[in-house]
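A.B. asks: Given the coordinates of chain A, assemble chain B onto it according to the supplied hints.
Here is what each chain is made of, one letter per residue.
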Amino acid sequence: MAWHNTWTLTRKDLAEFRHQKLVLGSIIAMPLVLGVIMPLFMFYPLTSLAPTQPTWDVTGLQEYGTLPDTFTAPYTNHTQMNTQAHATTITNTTLIHMTLTNCVLISCIIQDSTLTNSTVAYSVLTESSCVDTILTTSQGTNLSGRHIIADHSDLTFIAIKPSETQLVFPTILNLILIIFIIIPATLPTIIASYSIVGEKNNRSLEPLLATPITDGELLTGKIFSSLIPSMGSTLLAFTLGVSLLDILLLPKIAMPLLPNLTWLLSMLVLAPTACLMSILGCIIVSSKVSDVRAAQQVGGFIVMPVVVLMLGVLSGFILLSPLTVLAFTGIYLGIDLVLFYFAKAIFNREEILTKWK
Amino acid sequence: MITCTGLSKHFGSIHAIDDFTVDIPTGQIFGLLGPNGAGKTTTMRMLCCLLRPTKGTAHIDSYDITKLADAHKIRGMIGFLPEVPGLYETLGAYQNLDYYAQFYNVPKPQRQESIKKTLDDLDLWNRRSEPVGGFSKGMKQKIAIARALIHDPPYLFLDEPTASLDPQAAKLVRDYILDLKTQGTTILINTHNLTEAERICDQVALIKNTLIKVGNPKHLEHSIFARTIAVTVDHIPPTLPQTITSLPGVTLNKIQDTTLYLSVKNPSDDNPRIIDWLSSQGIKITFITEEEHTLEDVYLKLLGTPQGG
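Going down the list, the sequences are from chains A and B.
Here the first sequence is numbered in the working numbering, starting from 1 and rising by one per residue.
Here the second sequence is numbered in the working numbering, starting from 358 and rising by one per residue.
Just chain A, with the same shape it has in the complex:
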């Protein structure tokens, strides 16, 4: 394959795009609106709901009063370790690595244990988990658990209960990332549809096919002429969008700056393969239909695998991680290879010249 011919065709197409208002407008406007303006306008107002400091809390914690100043460490005269107790009242005991269910514990020192449906009074707890438990006049550190009623106690937890906005923001950021993958998958439906149908409509395909350019060179040239503007404008929008997120949004919600590894992989490997898939689909469609609009409409279906990813992420079925991104890259790449060979196989000069009216 002569890359020289491929590159010449690509440069020719890019020069033509500079004069196509629809194509040029799409290349500039779509990434700017979807990737930069929309995320900021949609999500910036949510930052006012997000606390700047993470809250130290557990699910279902209810606290009444504070620990009285008269509280002193409990007196214990024996120790129980590494066993279970059920429906038992235990007093003045040091309990280490115990599992306690439906128990009443008075004046105990409890370490590294799990308490369920129990009541604790005048005790000290460390590094334990409490579920559906009442703590009264007790002190606890490094606790975890849920549904705790704390009456005149002083408890600190190791588990963080995130705020509602903090629960929502990772999903929102995933949505923004998906948008950055959808942009290069959608742009080619406008650009690539012009690639062959546009040449045919201008009647410029016949003299082009009479030159020494091969089918492979022609298809590759058309691929690059759609890939370069689509990915170029997406990466520019990505750089701008992420910079603005880092400056305006993320510090307000106490989240780490972007891009992280998932985002980088998404942009550098997943987005190009999604873009390529869309381009190849459009080229296949546009080599079979004789109208640019028809090519664009049918070409719209090509972004379905990207929509699947989007729905998967939004529904929580797919978690975006470097591994997921690489897995989807592999899937898309496989589809790309199949589509390329299919496009080459069905590209029929004779049919294009004689059946297109």
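One or more of the hints may lead you astray.
[Stated by the list, open to error] The calculated DSBU-like cross-link candidates involving lysine-lysine, where the alpha carbons are at most 30 Å apart (straight line), are:
hint: 1; chain 1: B; residue 1: Lys412; chain 2: B; residue 2: Lys658
hint: 2; chain 1: A; residue 1: Lys288; chain 2: B; residue 2: Lys430
hint: 3; chain 1: B; residue 1: Lys494; chain 2: B; residue 2: Lys611
hint: 4; chain 1: B; residue 1: Lys570; chain 2: B; residue 2: Lys611
hint: 5; chain 1: B; residue 1: Lys538; chain 2: B; residue 2: Lys424
hint: 6; chain 1: A; residue 1: Lys344; chain 2: B; residue 2: Lys424
hint: 7; chain 1: B; residue 1: Lys622; chain 2: B; residue 2: Lys575
hint: 8; chain 1: B; residue 1: Lys473; chain 2: A; residue 2: Lys288
hint: 9; chain 1: B; residue 1: Lys474; chain 2: B; residue 2: Lys528
hint: 10; chain 1: B; residue 1: Lys658; chain 2: B; residue 2: Lys641
hint: 11; chain 1: B; residue 1: Lys611; chain 2: B; residue 2: Lys658
hint: 12; chain 1: B; residue 1: Lys412; chain 2: A; residue 2: Lys288
hint: 13; chain 1: B; residue 1: Lys538; chain 2: B; residue 2: Lys473
hint: 14; chain 1: B; residue 1: Lys528; chain 2: B; residue 2: Lys565
hint: 15; chain 1: B; residue 1: Lys565; chain 2: B; residue 2: Lys575
hint: 16; chain 1: B; residue 1: Lys430; chain 2: A; residue 2: Lys344
hint: 17; chain 1: B; residue 1: Lys412; chain 2: A; residue 2: Lys344
hint: 18; chain 1: A; residue 1: Lys21; chain 2: B; residue 2: Lys494
hint: 19; chain 1: B; residue 1: Lys465; chain 2: B; residue 2: Lys494
hint: 20; chain 1: B; residue 1: Lys528; chain 2: B; residue 2: Lys494
hint: 21; chain 1: B; residue 1: Lys412; chain 2: B; residue 2: Lys565
Please keep in mind that the hints were generated in silico from the structure rather than gathered at the bench.
C.D. replies: Below, chain B without anything else, positioned relative to chain A:
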């Protein structure tokens, strides 16, 4: 040299061209003539390796148009002007020519020089950057012809090269084609313009879904029509139509005023005998000329229908 052997192309039940067999010697201008739908463009597209023949083959030099590897080489040595210029309308004339020159691997200095010379010749150098979409049909056609020639091909295929040109531009293109012939370029032209074909073609092929007749335009005229001379005399005796039949090989076609239209088989022998005979009858000849037949007459006689445009 282009050799077509039984070249045929069928689209389902439609036989666009059947059994087309001709030889086009190197350096000749060869015209394909025929009504619309006669298979001219299909034949040209097959020779340009844009369509695959259903039957038969053609060779350009030693390359076979039916072989994929040869087709690539053939495309590199031909220039092709389609029926519609098919220029990139948003690009300038210079860019249009430059991109095509690159497809043919013309080195940069050579293509810059060649494009400048071509656009200078076409008086378009000062408008080289303007989008060609704003140019007239004639100017676009000239640029498209320049595009076909940008890599200096030994074989040139022109589909209706002067169809949309005004008389001056058409003459410019015809002169250009004749000039290319002197440089050894072999040129195949599809045209409806019979006067043009007669003027510039060394050979023409009359086709109507198959080859009807091929040959030099003049030879075709002479082979199809007997040579006719028009002899204007001072008077015509009433008995002349009968007495003139005594001259062997001479046929009286018609008499118009004092002009006799005579068909002769061998002008070099028959003409002196006619002159001598008329003198011997006391008839004075005031003017003698050959009645010309045109390629159009040949076309109408062989293909039967007037030009479809």
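A.B. asks: Is the Cα-Cα distance between Lys412/B and Lys565/B 30 Å or less?
C.D. replies: OK: Lys412/B and Lys565/B at ~17 Å, within 30 Å.
A.B. asks: Need the status of pair Lys528/B, Lys494/B: alpha-carbon distance at most 30 Å?
C.D. replies: holds, 16 Å
A.B. asks: Holds or violated: Lys494/B with Lys611/B, Cα cutoff 30 Å?
C.D. replies: violated, 46 Å
A.B. asks: Would you mind confirming whether the straight-line C-alpha gap from Lys565/B to Lys575/B stays at or under 30 Å?
C.D. replies: holds, 20 Å
A.B. asks: Given the hinted pair Lys412/B and Lys658/B, is their Cα-Cα distance within 30 Å?
C.D. replies: holds, 29 Å
A.B. asks: Would the hint linking Lys473/B and Lys288/A be met if the CA-CA limit is 30 Å?
C.D. replies: violated, 39 Å
A.B. asks: Taken at face value, is the distance from the CA of Lys473/B to the CA of Lys538/B at most 30 Å?
C.D. replies: holds, 22 Å
A.B. asks: Check whether the Cα positions of Lys288/A and Lys430/B lie no farther apart than 30 Å.
C.D. replies: holds, 27 Å
A.B. asks: Holds or violated: Lys622/B and Lys575/B, Cα atoms, limit 30 Å.
C.D. replies: holds, 16 Å
A.B. asks: Need the status of pair Lys658/B, Lys641/B: alpha-carbon distance at most 30 Å?
C.D. replies: violated, 35 Å
A.B. asks: Does the structure keep Lys21/A and Lys494/B at a Cα separation of 30 Å or less?
C.D. replies: holds, 24 Å
A.B. asks: For the pair supplied as a hint, Lys611/B and Lys658/B, is the alpha-carbon distance within the 30 Å limit?
C.D. replies: holds, 20 Å
Hint check: violations occur at hints 3, 8, 10; the rest are consistent with the structure.
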